[in-house]
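Peer 1: Spelled out from the first residue to the last, the chains are:
There are 4 protein chains.
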Amino acid sequence: MSVLAEFSMSPMDKGDSVSKYVARSVEIIAESGVPYRLGPMGTCLEGEWDQVFGVIKRRYDRMAQDCRRITCSIKVDVRAGHEGRITGKIAKVEQLVGRTLQK
Amino acid sequence: MSVLAEFSMSPMDKGDSVSKYVARSVEIIAESGVPYRLGPMGTCLEGEWDQVFGVIKRRYDRMAQDCRRITCSIKVDVRAGHEGRITGKIAKVEQLVGRTLQK
Amino acid sequence: MSVLAEFSMSPMDKGDSVSKYVARSVEIIAESGVPYRLGPMGTCLEGEWDQVFGVIKRRYDRMAQDCRRITCSIKVDVRAGHEGRITGKIAKVEQLVGRTLQK
Amino acid sequence: MSVLAEFSMSPMDKGDSVSKYVARSVEIIAESGVPYRLGPMGTCLEGEWDQVFGVIKRRYDRMAQDCRRITCSIKVDVRAGHEGRITGKIAKVEQLVGRTLQK
Numbered sequence: 001m002s003v004l005a006e007f008s009m010s011p012m013d014k015g016d017s018v019s020k021y022v023a024r025s026v027e028i029i030a031e032s033g034v035p036y037r038l039g040p041m042g043t044c045l046e047g048e049w050d051q052v053f054g055v056i057k058r059r060y061d062r063m064a065q066d067c068r069r070i071t072c073s074i075k076v077d078v079r080a081g082h083e084g085r086i087t088g089k090i091a092k093v094e095q096l097v098g099r100t101l102q103k
Numbered sequence: 001m002s003v004l005a006e007f008s009m010s011p012m013d014k015g016d017s018v019s020k021y022v023a024r025s026v027e028i029i030a031e032s033g034v035p036y037r038l039g040p041m042g043t044c045l046e047g048e049w050d051q052v053f054g055v056i057k058r059r060y061d062r063m064a065q066d067c068r069r070i071t072c073s074i075k076v077d078v079r080a081g082h083e084g085r086i087t088g089k090i091a092k093v094e095q096l097v098g099r100t101l102q103k
Numbered sequence: 001m002s003v004l005a006e007f008s009m010s011p012m013d014k015g016d017s018v019s020k021y022v023a024r025s026v027e028i029i030a031e032s033g034v035p036y037r038l039g040p041m042g043t044c045l046e047g048e049w050d051q052v053f054g055v056i057k058r059r060y061d062r063m064a065q066d067c068r069r070i071t072c073s074i075k076v077d078v079r080a081g082h083e084g085r086i087t088g089k090i091a092k093v094e095q096l097v098g099r100t101l102q103k
Numbered sequence: 001m002s003v004l005a006e007f008s009m010s011p012m013d014k015g016d017s018v019s020k021y022v023a024r025s026v027e028i029i030a031e032s033g034v035p036y037r038l039g040p041m042g043t044c045l046e047g048e049w050d051q052v053f054g055v056i057k058r059r060y061d062r063m064a065q066d067c068r069r070i071t072c073s074i075k076v077d078v079r080a081g082h083e084g085r086i087t088g089k090i091a092k093v094e095q096l097v098g099r100t101l102q103k
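Protein sequence lines correspond, in order, to chains A, B, C and D. This note's numbering puts the first residue of the first sequence at 1, with every later residue one more than the last. This note's numbering puts the first residue of the second sequence at 1, with every later residue one more than the last. This note's numbering puts the first residue of the third sequence at 1, with every later residue one more than the last. This note's numbering puts the first residue of the fourth sequence at 1, with every later residue one more than the last.
Simulated from the structure, these hints should not be mistaken for laboratory data. The reader is advised that the hints may include incorrect statements.
In silico DSBU-like links for lysine-lysine, alpha-carbon gap of 35 Å or less [unchecked claim]: (1) Lys14/A - Lys57/C; (2) Lys92/D - Lys20/B; (3) Lys20/B - Lys14/C; (4) Lys20/D - Lys57/D; (5) Lys57/C - Lys92/D; (6) Lys57/B - Lys92/D; (7) Lys92/B - Lys57/B; (8) Lys57/C - Lys14/C; (9) Lys92/C - Lys57/A; (10) Lys92/C - Lys103/B; (11) Lys20/A - Lys103/D; (12) Lys20/D - Lys14/C; (13) Lys20/C - Lys103/B; (14) Lys20/D - Lys57/B; (15) Lys103/A - Lys57/D.
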């Protein structure tokens with residue numbers, strides 16, 4: 001199974017600039033060894049369910065140390081018999097459209 | 001910490017009527033003992049992070065047995081020092097608005 | 001077409017207690033005449049696409065008057081040939097499960 | 001106001017391979033002139049509220065022509081006094097982390 005998950009996690013109690021918290025969390029992801037991809041609205045991870053949700057849990061544990069209210073959204077797309085979708089999905093759409101797209 | 005999570009999980013490969021799969025999953029939730037609340041677009045759970053995500057994982061494991069493509073979305077709102085938000089949040093809004101609302 | 005949408009909208013720059021802003025927005029929804037249903041994590045609306053997104057737009061316009069950073073999530077389930085799903089979906093699951101559920 | 005929105009829209013009634021529908025929709029986005037960015041789990045758009053939701057509406061109208069059940073999720077981050085966040089948010093995180101990240 002390829003579990004592809006995009007998630008974002010932010011403190012709600014730290015004002016309108018939260019990039020410090022996001023940066024700190026990105027380090028947890030980069031160190032995890034799980035394939036990831038940063039986007040403007042969230043980070044994608046690909047792996048088995050427990051790998052992916054293990055990374056999200058570590059990020060939560062870190063944020064919960066100094067934030068009293070946290071909002072998080074996770075979108076998951078699971079597909080049997082497919083791997084490498086973190087890069088493959090866009091490549092397939094480009095192939096169908098017949099040109100390179102903004103990414 | 002009160003971890004309040006709303007999630008929905010559906011097969012993508014079983015046509016446009018998926019209530020059979022939803023019903024089966026609801027039984028897993030009802031048997032978990034974790035406070036829950038059914039809505040038109042998802043199910044809310046409230047507990048600690050591991051409790052809530054344990055239920056979601058069991059639901060995923062069951063669905064993965066006979067579905068090859070699954071879509072899932074999870075929205076989480078964590079707040080320190082508050083409990084009972086699965087019912088309390090709406091009650092507080094009603095108090096502020098000063099009347100009963102559709103729920 | 002029945003467009004069933006659950007959405008939540010919150011200021012990110014007003015600290016960890018945002019129920020005042022939620023209450024104000026709920027009034028916009030209640031006055032719209034569009035069938036709605038409040039939940040712990042968001043509000044469901046049912047109607048045509050333009051009706052539903054018109055309500056969300058009005059709520060955004062009101063919040064943008066005094067909030068500098070706003071987060072919003074919207075989940076939409078559209079189905080042809082079905083109406084009344086804001087109450088009907090849960091009723092169908094209860095029928096399949098064979099008992100009343102927490103809602 | 002910079003309205004940054006990530007969305008995905010898929011038919012639920014066309015089996016587990018939906019890239020044909022995604023490709024068709026991407027053309028609507030590319031032709032809109034609104035800055036966009038493709039990701040593995042959705043497409044980001046940046047503009048004013050009506051521009052962004054106008055593109056999503058056109059994509060919905062096209063999909064509704066031949067799909068009877070459609071699922072869509074939209075996540076919006078609005079911020080006053082900031083522009084170019086579709087590329088700027090990642091750049092800022094990279095600056096804080098002090099290195100280039102997978103994107």
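Peer 1: State for each hint whether it applies.
Peer 2: Hint check:
1. Lys14/A - Lys57/C: holds, 26 Å
2. Lys92/D - Lys20/B: Violated, at roughly 46 Å.
3. Lys20/B - Lys14/C: This hinted pair is violated, its Cα atoms lying about 42 Å apart.
4. Lys20/D - Lys57/D: holds, 19 Å
5. Lys57/C - Lys92/D: holds, 29 Å
6. Lys57/B - Lys92/D: holds, 34 Å
7. Lys92/B - Lys57/B: Satisfied, since the Cα-Cα distance of roughly 31 Å is no more than 35 Å.
8. Lys57/C - Lys14/C: Roughly 20 Å between the alpha carbons, so the hint for Lys57/C and Lys14/C holds.
9. Lys92/C - Lys57/A: holds, 34 Å
10. Lys92/C - Lys103/B: Cα-Cα ~17 Å, so holds.
11. Lys20/A - Lys103/D: The given pair, whose Cα atoms are some 19 Å apart, holds under the 35 Å limit.
12. Lys20/D - Lys14/C: violated, 43 Å
13. Lys20/C - Lys103/B: Holds: Lys20/C and Lys103/B sit about 19 Å apart, inside 35 Å.
14. Lys20/D - Lys57/B: At roughly 30 Å apart (the allowed maximum being 35 Å), Lys57/B and Lys20/D satisfy the hint.
15. Lys103/A - Lys57/D: Distance of about 22 Å is within 35 Å: holds.
Checked against the numbered hints given earlier, the structure breaks hints 2, 3, 12 and satisfies all the rest.
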